[in-house]
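Chemist: In case you want the letters, here they are:
2 protein chains.
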Amino acid sequence: MKLRRLNEDWVLKKILEHAWIGPGNRTALKSLSLGIGDDSALFRPQAGRQTILTCDWFLEGTHFLRDKHPPNSVGWKCLARAVSDVAAMGGKPRCFLLSLALPTSLTGHWLDAFLVGLRRASLKFQCPLAGGDTTRRDKILINVTVVGEAIKGHAVRRSGARAGHLLYVSGRLGEAELGLRLLKRRKGRASRKNPLIRKHLYPEPRLALGHWLASTGLASAMTDLSDGLSSDLMRLCAASRVGARLDATKIPTAQISPAMSIRGLDPLQIALHGGDDYELLFTVPSRKASLLPRKFRGVLLTPIGRITRDKRVLVVESDRTHQLAPGGWDPFRLRR
Amino acid sequence: MKLRRLNEDWVLKKILEHAWIGPGNRTALKSLSLGIGDDSALFRPQAGRQTILTCDWFLEGTHFLRDKHPPNSVGWKCLARAVSDVAAMGGKPRCFLLSLALPTSLTGHWLDAFLVGLRRASLKFQCPLAGGDTTRRDKILINVTVVGEAIKGHAVRRSGARAGHLLYVSGRLGEAELGLRLLKRRKGRASRKNPLIRKHLYPEPRLALGHWLASTGLASAMTDLSDGLSSDLMRLCAASRVGARLDATKIPTAQISPAMSIRGLDPLQIALHGGDDYELLFTVPSRKASLLPRKFRGVLLTPIGRITRDKRVLVVESDRTHQLAPGGWDPFRLRR
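These protein sequence lines map, in sequence, to chains H and E. 95 is the number that the working numbering gives to position 95 of the first sequence; each next residue is one higher, with no gaps. Whatever position you read off the second sequence (first residue = 1), add 1000 for the working numbering.
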């Protein structure tokens, strides 16, 4: 690799070489009247839709480790995280912008594998690349902006929860955190066949579920679980000016086989505070609860508590009730 | 400042404390149906408009220096840079997303001053904050996404230049680069009264000019000068599949007073390769050239050359003609 070729236009060319168009995102691409290669991208909003805007950091050392996370997982996950915020509003992703900073030494194989993972996610989420910014940096820095759309008035906010509404989660909580712990424990790059590690490396935002909950009007409030149930539930409650009573026995925790030998870990604590699950947390007025299936396209939907007028968040365990403190991911607090 | 208060929600609260609404951006705010504090922002596109999307890195050590650039300049410039890409399409900014990573030690005075500069820019450019992401990091990392709008079919791309079109620039070139050199030379923080340093610290994107050139249909191609004339002109020519002949004697260089004592510097070289001016570079079909004023709202408009069928970019000086090589800012090339 010649040094003179290592310029920004060349990195851009490499990004462009990947086909961002496929059967998966051809529809979304119709919204893009101008893609990469100009000062800005041009996006054609659909009539009767609101535009959803969200961005997410994905930084080496903070959100992933260069020696533990395979580059195609970094590519997949940086987009999946941001797309999950669109799922949490009940919208559909339309396109994304990629801001990428990396060392010159990684513009070969690492960048190629990163782009393979990113492209897979782009096709899967029907969310083509529209533009971005690249620069050189000693650490890998990624910021992804996702643009989505929702039918006017259908986007589900965090602020719609009312006392008496039932609280639900999708999937099982704590799986991604357990996957991370397994990943860190192993030497070198860990097996991607382990379902917990897979959930940590290649999370699947609940797009279909979020869209269904929004379009049917079943969810009164919704957020995605990125920082952990304790942190994200408290944010939903704060936005809605309510509290909640969680039934600990009902929280769907990770199913750990003895062979996994994760000793000294309490699955409930990990379900309460573990991050990166990208499941949906949502509330449903009790009169509508009977309309919710037990599973939506194979994904478990579990009632785990109820919204209260009292603004505290309480966890009811079999023998005691205690107030929840946010123990999830917060970069400005010293780690637990 | 108590450690337990240094969490992400607190940084967010501080950002929210700044009034992002004022006489300057009340109109733009109407487009935002949901601002900060949810999973995503909701933006209401105007009928008959295309959405413009752009994002820009602004990284400590790469784009600014913590000990040289005052925090309010960092706040102003991170938004101005991204807004300039909207100006280059002839659009109007509507809102922005802020991704901010910083050390806990800077969440006091530094963050306050940063937000003052950012808010000033937000009001000036009529571009309110819609959302973002914050995290902790040893170095200051900023990424700004700006959402703008243009009337359908009016956005000016890089690709519309044709042989025979005249090439124009706004303002004077190289001023910001000279400002940076003055800033680096001085001990401590330099005087913001010096007009060259001001242009480097507080650039003013040419929003009104860009919008006028787009709405009148005068500009056939346009880009902003962020990386330097040599780099940005070559990108415009590549996108349009044309070349250009620059008349070096016509390039409006910085007016340097002897008192500034910048020795050994060639104003023409700095005008050709210096970055960060955020002036507009645009092409105009020759039959429309007589409609361009010499100045637009006090900003000089100068014809500096002509687009050619031959794809090289040539610089014609008084005694010689040579081919231009991009010498502007490119983070993946070793610095000149």
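Keep in mind that the hints were calculated from the coordinates and are not lab data. Note that the Cβ used here is the ideal one computed from N, Cα and C, for glycine as well. Just so you know, not all the hints are guaranteed correct.
[To be verified] A few chain H residues facing chain E, derived, Cβ under 10 Å:
1) D38
2) P45
3) Q46
4) D85
5) G91
6) A101
7) W110
8) V116
9) G132
10) K139
11) V146
12) D247
13) I251
14) S286
[Claimed, not checked] Restraint ranges, calculated between C-beta atoms of paired labels, are given here:
15) H:V116 <-> E:E1017: 38 to 46 Å
16) H:T249 <-> E:H1018: 42 to 50 Å
17) H:R192 <-> E:W1212: 37 to 45 Å
18) H:L16 <-> E:R1044: 29 to 37 Å
19) H:D67 <-> E:D1310: 30 to 38 Å
Chemist: A separate judgement is required for each hint: does it hold in the structure or not?
Modeler: Hint-by-hint comparison with the structure:
no.: 1; hint: D38; verdict: holds, 5 Å
no.: 2; hint: P45; verdict: holds, 4 Å
no.: 3; hint: Q46; verdict: holds, 9 Å
no.: 4; hint: D85; verdict: holds, 4 Å
no.: 5; hint: G91; verdict: holds, 8 Å
no.: 6; hint: A101; verdict: holds, 6 Å
no.: 7; hint: W110; verdict: violated, 14 Å
no.: 8; hint: V116; verdict: violated, 21 Å
no.: 9; hint: G132; verdict: holds, 6 Å
no.: 10; hint: K139; verdict: holds, 9 Å
no.: 11; hint: V146; verdict: holds, 8 Å
no.: 12; hint: D247; verdict: violated, 25 Å
no.: 13; hint: I251; verdict: violated, 21 Å
no.: 14; hint: S286; verdict: violated, 24 Å
no.: 15; hint: H:V116 <-> E:E1017: 38 to 46 Å; verdict: holds, 43 Å
no.: 16; hint: H:T249 <-> E:H1018: 42 to 50 Å; verdict: holds, 44 Å
no.: 17; hint: H:R192 <-> E:W1212: 37 to 45 Å; verdict: violated, 55 Å
no.: 18; hint: H:L16 <-> E:R1044: 29 to 37 Å; verdict: holds, 32 Å
no.: 19; hint: H:D67 <-> E:D1310: 30 to 38 Å; verdict: violated, 50 Å
In terms of the numbered hints stated before, the structure departs from hints 7, 8, 12, 13, 14, 17, 19, listed from lowest to highest.
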